[in-house]
Amino acid sequence: MFRHTALRYAVLVLLASAALFQAFTAEYFGLEILTEILILAMLVLALDIVAGFGGMVSLCHGALMGMGAYAYAILSTTAGIAPPVAMAGAVALTGAIAWAIGAICSRSHGIYFIMATLAFGQMAYSYVFEAPIFGGDDGLGGISRLDLSFVGIDLNDSRSFALFCLASLGAIYGASVLILRSGLGRSLTGVMHNEQRMRALGLTVWRVKADVFGLSGMIAGLAGVLAAQHIMYISPGLLSWTVSGEALVVVILGGLGTLVGPLVGAAAFVVLKHELSAVTTYWHLVVGALLIAVVMSRANGIFGWIEARWGARIDRRLTDATRKPEAKEVLGDA
Amino acid sequence: MAHDLGFWTLQALNALQLSMLLFLLSIGLTVIFGLMHFVNLAHGSLYALGAYFAASLAAVGGYWMGFFLAPVAVAGVGILLYSGLIKRMRKSGPMAQVLVTFGLIFVLLDLTRIVWGDLALAIDVPAILSGRLTFLGVEYPTYRLFIIALGLAIFAALAFVLGRTQIGAMIRAGVDNDAMAACLGINVERLFFIVFCVGCALAGLSGAVAAPLLSVTPDMGLQILIPTLIVIVIGGLGSLKGAIAGSLIYGFVQTFGAVLAPQLASVLIYALLAAVLVIKPVGLFPAKG
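So the sequence lines, in the order shown, correspond to chains S and R. Following the working numbering, the numbering of the first sequence begins with 136 at its first residue and continues without gaps. Following the working numbering, the numbering of the second sequence begins with 286 at its first residue and continues without gaps.
If you are wondering where the hints come from, they were derived from the structure by calculation, not from laboratory data. It should be emphasised that the depicted structure is a prediction, and the values quoted were computed from it without experimental measurement. One or more hints might be untrue.
[Said to hold, decoys possible] Derived SDA-like pairs: lysine to any residue, alpha-carbon spacing no greater than 20 angstroms straight-line:
#, chain 1, residue 1, chain 2, residue 2
1, R, K565, S, Y247
2, R, K376, S, R280
3, R, K376, R, N472
Just need the whole structure built from these sequences, with the hints factored in.
In structure tokens form, the structure reads like this:
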């Protein structure tokens, strides 16, 4: 089960204050990067729930995010539905599709699961690419942001929008923790460790997988809605499998199955990408080499490495010295 | 939709040519997976490397030099990858392998961009293969017929080696149960190495063969990767029969889909893949039952 250690709390506080500091001090470009990080963080959170706590390594989360973005764009522009309703509709639709994908793929394991999710993601990608209603490879523009003027917030201002994304991410993080601590989340981890045993205990394994995949899809869909509102323009590239691959890279760089790690990974990845692409056009080379190094080192990403190295020591220092340190959590095997 | 017989023959030949190209790529990938349980996403990048080597060599010594030496060069790259990375990743789970080879795609992509630049390269078809032949009542480019013939020849050769020779028996034993094969005195590790090199060489060969048809660009490896993976997952991992069946299914569904239902063509193949995975999660002809 997911547990917050003192170290995890500390990193969360650190990340939140860094984001708040950035949101209130940065100029336009800094705010754009912050928003990009926050949206990516939401996507990788969704991926970490299924991959880190359910062993379902999905290569369709980029496509799910794209579906959320397209659903919002179509509902709010073509269908002319009010943005809040369109947002809810897009999230619900993405969740439903994800639930179906999870249900269909629930029998596959390992590489077959990866391939099956890849197939569904690519299916969505090609459909969006070809169907005229989605604007083909021209994409869709003119997407409006949520109107919060009744409480005096103008989301067209990039500072307000960054803060809005930060608040959404905070809420989603809380929801993710609740999901993982619920009976459903515990069943999911049980299924990851031993599917046979959970079945013997009377659990309907495919339902557990599908339900969590659906919830994760809703989070990915929300990330897509925010991405569409952020850029105000969407293109089929959003659904491409390389987006899902990149999301997986971020989860791994951060630390699979730690929930906090992927947030660290998202921040590190976006900053690294921007810094490197300013220096060289070959930033993929560096990211690729880094990824290989992280996976080969057998550490569980940046955060996982810190946790394994100094986790117990930092926790002891952070918690009351009189209390016994908590039993170290067994991390999901990457 | 009133097309004559010649039109359908032409489409069938197109489908067959696409199938054979995919077969050359997927057979290496599928046997590597079947034997080593290793998922090499960078296989497509090796194909791109093959095309680049062929383009460079063809500029020096003509098409045939590229055709024969590019596979050797790619096999050399394969040896480097094997000793540097893959040997150490053998015992890892599928996810770690997917990620390492995904990283490798990034690295190889940018390396090709650094060495050969971003511009597309082109190779000329050799004079002997450049014309058109009348085949089954239709005019068809000789070079494409050459690809079909080459694919069939390689299929026959591999079917013979895997089915009729001792090393083929050893490979099949290794795919079926590597621990037992090792107990019987087969050096499974060396077998892996040989199969990996041959798989890389075939990827290089398909790159060299595809180069005159498509333009040689850095992302050609990324583009071919998904079709190749679809082929091996539909066909079932690890078997020659699966690779050829998957390639034919992909080639024909893709080509005839584009003719009969252009709107649905690209979705069709993914829907087929999803259907196969739901009904037979391990593919149509897996090496292991």
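Query - Satisfaction of hint between R:N472 and R:K376, Cα-Cα up to 20 angstroms - result: Measuring from Cα to Cα gives roughly 17 angstroms; hence the hint holds.
Query raised in the report: Holds or violated: R:K565 with S:Y247, Cα cutoff 20 angstroms?
Result: Holds. R:K565 to S:Y247 sits at ~11 angstroms (cutoff 20 angstroms).
Query raised in the report: Between R:K376 and S:R280, is the straight-line Cα distance small enough, at 20 angstroms or below?
Result: Given pair R:K376, S:R280 is violated - Cα atoms ~48 angstroms apart, limit 20 angstroms.
Hint compliance for this structure: hint 2 is the single one not met.
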